[in-house]
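J.: Single-letter residue listing:
Number of protein chains: 4
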Amino acid sequence: MAQNPVLVPYIRTAHYYETDKMGVVHHSNYIRWLEETRIDLMNQAGLPYTEMEAMGVMIPVVSASCNYKYPVKFGDTVEIHPYITEFNGCRFRLEYEIRNLTSGKLSATCNTSHCFVNMQFKPIRTQKEFPQIYEIFNNCIKVKI
Amino acid sequence: MAQNPVLVPYIRTAHYYETDKMGVVHHSNYIRWLEETRIDLMNQAGLPYTEMEAMGVMIPVVSASCNYKYPVKFGDTVEIHPYITEFNGCRFRLEYEIRNLTSGKLSATCNTSHCFVNMQFKPIRTQKEFPQIYEIFNNCIKVKI
Amino acid sequence: MAQNPVLVPYIRTAHYYETDKMGVVHHSNYIRWLEETRIDLMNQAGLPYTEMEAMGVMIPVVSASCNYKYPVKFGDTVEIHPYITEFNGCRFRLEYEIRNLTSGKLSATCNTSHCFVNMQFKPIRTQKEFPQIYEIFNNCIKVKI
Amino acid sequence: MAQNPVLVPYIRTAHYYETDKMGVVHHSNYIRWLEETRIDLMNQAGLPYTEMEAMGVMIPVVSASCNYKYPVKFGDTVEIHPYITEFNGCRFRLEYEIRNLTSGKLSATCNTSHCFVNMQFKPIRTQKEFPQIYEIFNNCIKVKI
Chain A
14 MAQNPVLVPY
24 IRTAHYYETD
34 KMGVVHHSNY
44 IRWLEETRID
54 LMNQAGLPYT
64 EMEAMGVMIP
74 VVSASCNYKY
84 PVKFGDTVEI
94 HPYITEFNGC
104 RFRLEYEIRN
114 LTSGKLSATC
124 NTSHCFVNMQ
134 FKPIRTQKEF
144 PQIYEIFNNC
154 IKVKI
Chain B
14 MAQNPVLVPY
24 IRTAHYYETD
34 KMGVVHHSNY
44 IRWLEETRID
54 LMNQAGLPYT
64 EMEAMGVMIP
74 VVSASCNYKY
84 PVKFGDTVEI
94 HPYITEFNGC
104 RFRLEYEIRN
114 LTSGKLSATC
124 NTSHCFVNMQ
134 FKPIRTQKEF
144 PQIYEIFNNC
154 IKVKI
Chain C
14 MAQNPVLVPY
24 IRTAHYYETD
34 KMGVVHHSNY
44 IRWLEETRID
54 LMNQAGLPYT
64 EMEAMGVMIP
74 VVSASCNYKY
84 PVKFGDTVEI
94 HPYITEFNGC
104 RFRLEYEIRN
114 LTSGKLSATC
124 NTSHCFVNMQ
134 FKPIRTQKEF
144 PQIYEIFNNC
154 IKVKI
Chain D
14 MAQNPVLVPY
24 IRTAHYYETD
34 KMGVVHHSNY
44 IRWLEETRID
54 LMNQAGLPYT
64 EMEAMGVMIP
74 VVSASCNYKY
84 PVKFGDTVEI
94 HPYITEFNGC
104 RFRLEYEIRN
114 LTSGKLSATC
124 NTSHCFVNMQ
134 FKPIRTQKEF
144 PQIYEIFNNC
154 IKVKI
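Residue numbers (our numbering), protein chains in the order written: chain A, 14 to 158; chain B, 14 to 158; chain C, 14 to 158; chain D, 14 to 158.
So here's chain A without its partners, still in its complex pose (with noise of 0.2 Å):
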């Protein structure tokens, strides 16, 4: 329990639909695989966000960032490691690499930051309120994956 979890990158290739006319990756769609990403490492750390929203909790996006370096192609997989980097109960920061294991390139590099808050958008002191939640994501900070 006090011990850090194991915890592996997110995998997942790019579908034909997520591209645009430039051939590419549409750069929209990157926020949307850091949400796919921080779904996988929230069930890989034991508290899918399933569990967490019947418990009465959200964690709505407060900022979202990417600097896109190299783009990714329909059929490209991609391993997008997430690190969170600030936890305190009431707001957590994520950063994301985002590498594409096809060209070997690192595509981007984003963060987003997330605030807990309950079914009318109220904001939660997890520590207090939710303990068990407070001691998933404490656990979970600076886990290089």
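In short, the hints are calculated from the structure, not lab data. Wrong hints could be hidden among the right ones.
A pair holds if it fits inside one copy or across any two, identical chains being indistinguishable in the list.
Unchecked claim - In the DMTMM-like style, the derived pairs of lysine to aspartate or glutamate whose C-alpha atoms are separated by at most 25 Å in a straight line are: (1) Lys157 <-> Glu92; (2) Lys34 <-> Asp89; (3) Lys86 <-> Glu99; (4) Lys86 <-> Glu48.
Based on the hints, put chains B, C and D in the right spot on chain A.
T.: Chains B, C and D only, in chain A's frame:
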């Protein structure tokens, strides 16, 4: 009230992010345009979708179908003509023509069918339970747009 | 070569961003899942889509249709069974069953039809012009998955 | 020609399919709205994106960033104010304010940066190679919209 409303087609322009690497609008987006068209039609008919939802009524898609004839390119303007062909208070069916004003070609003919449900996804008979919804849909049947 | 290949269904999990405010996966995304399924099927059959494109052949969607039976929720896993029902070298038709493994229900039955075109969107007769493509599709007709 | 053009903000309404199960517009769609806004701005400035592409010039996104302040709901109308803050002939940067006209709140502040490339994704110096593009962008720098 008893009169058919005057309705106009829905017009919109194809976005860059709606294209795929084939260089034309991805076929899945047509299905989304039909939704925009229905919502515009309901606005025109005096029943904004948000108001209907506030009354506790939703109209999920039971079936959707498209015949794709000529591709739509980025920047093309399409005019979508909806036509309510069936309505019995519990279900309705729409046919659509997607006309590409830029190319002058008929891009697609489509149809969708829907049922009325409450927030628990239980079927609703609008004639008895929501006569104002019933009347508005009933006035729109077979109105040529 | 003359033998039917062994093919397995396509499995994937519903993403958060694929839901809408009704709380379930938006119906337009099923159309995208069918594309993922076709591309997976072609990979399995030994004809990756990117290779076919590199040969100058594309398979645009001529029609698409879905009957929606039970909603898919965020996090649900679906198993999609494609089935090539028609193929004549110029066109083909697929039927699909989307089975929700999480709920145990049949979520949708769908179909798409396609033609073979070159990069200028001109129709292609694969039997004559691309016999290797013809053979692969021909081996997959009516293979139960 | 030497005069700054008169530019107006971009206005659009949030679509149903842009919402997610949180009941508000999914954050990834804001990135797509920025693209719509850029393309509208270029239209207004006299350089339609399709014309620029026909000249062999593309402007891929190098970075994109959003700070989300208040959610946008289905049916809300947003007014997006773009502002070109930097341009040197090779690259440019835009800032955006997304104002929710329905709620009266500032929904998000965003920025994107772009480079000019040819169809082989090689960097272009517009001042030398495409002076008409250079002039149009140069006239738009720091024009308040």
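J.: Hint by hint, which ones does this structure get wrong, listed from lowest number up?
T.: 3
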